[in-house]
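Chains V and Y, in that order, are what the protein sequence lines are.
Just so you know, we're using our numbering here: the first sequence kicks off at 37 and counts up by one.
Just so you know, we're using our numbering here: the second sequence kicks off at 2 and counts up by one.
Derived by calculation from the structure, the hints in this document are not laboratory data.
Among the clues, some could well be false.
What the hints assert, rightly or not - Below, simulated SDA-like cross-link-like pairs (lysine to any residue); rule was C-alpha separation at most 20 Å, straight line:
id : chain 1 : residue 1 : chain 2 : residue 2
1  : Y       : LYS12     : Y       : ARG112
2  : V       : LYS138    : Y       : PHE66
3  : V       : LYS106    : Y       : HIS30
4  : Y       : LYS58     : Y       : GLY73
5  : V       : LYS138    : Y       : LYS12
What the hints assert, rightly or not - If you only want the chain Y side, here are some residues facing chain V, beta carbon under 8 Å, derived:
id : residue
6  : PHE22
7  : LEU40
8  : ASN52
9  : ALA54
10 : ARG65
11 : PHE66
12 : PRO71
13 : PHE75
14 : GLN85
15 : GLY86
16 : MET90
17 : GLU104
18 : PHE107
19 : GLY110
The beta-carbon is built from N, C-alpha and C at its ideal position, and this holds for glycine as well.
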Amino acid sequence: AQKVTQAQTEISVVEKEDVTLDCVYETRDTTYYLFWYKQPPSGELVFLIRRNSFDEQNEISGRYSWNFQKSTSSFNFTITASQVVDSAVYFCALIPGFGNEKLTFGTGTRLTIIP
Amino acid sequence: DTGVSQNPRHKITKRGQNVTFRCDPISEHNRLYWYRQTLGQGPEFLTYFQNEAQLEKSRLLSDRFSAERPKGSFSTLEIQRTEQGDSAMYLCASSNSLGRHTEAFFGQGTRLTVV
């Protein structure tokens, strides 16, 4: 069975601060895919990133960066110089194995950026 | 608008009534997914289609739930004899398989309230 844990239920930071959202995953598969989605108040899940288990390179996209560490089964997400528009619920998710299409989501982290 | 479209956005129904939701995926996407999200939780997988074939159903999908994708385009999710526990956000997503995992694009969801 697979599992995604987002231990931080809610985080509040002042605008322009950096913030890291934690994600720890469990799977027995050696091939798997990790995702981050953003869910603003409108409800639509917005795709942010996909990473496969063979690629441990960290990735940076503008103010967003992701740190994938297989040794600790973690896939953390950092927002640099946070903005009010970053306020949302963020979900980490996992697809275990090849040929499997089910996303297993964590419970999400509600991020509030205080102006 | 070329995103995933779900209708209705909100539905209030009395316990015991039947409801049907519709999802129109991104036109070139061959995979369509249904998820359910309750308050404070991440989305949970219900079922998915590749073209018109329903390839997997979660055990969350009881006998009262049925999903169809008759022509491999739009999909419907019907809940018969609704119960209060069915109150949730029902999310639809679509993706294009192309032989590898690609990101799923989500609609804004249908929020069901059973009274």
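field: Violations among the numbered hints, reported as their numbers in ascending order
entry: Of the numbered hints, 3, 5, 6, 7, 8, 9, 10, 11, 12, 13, 14, 15 do not hold.
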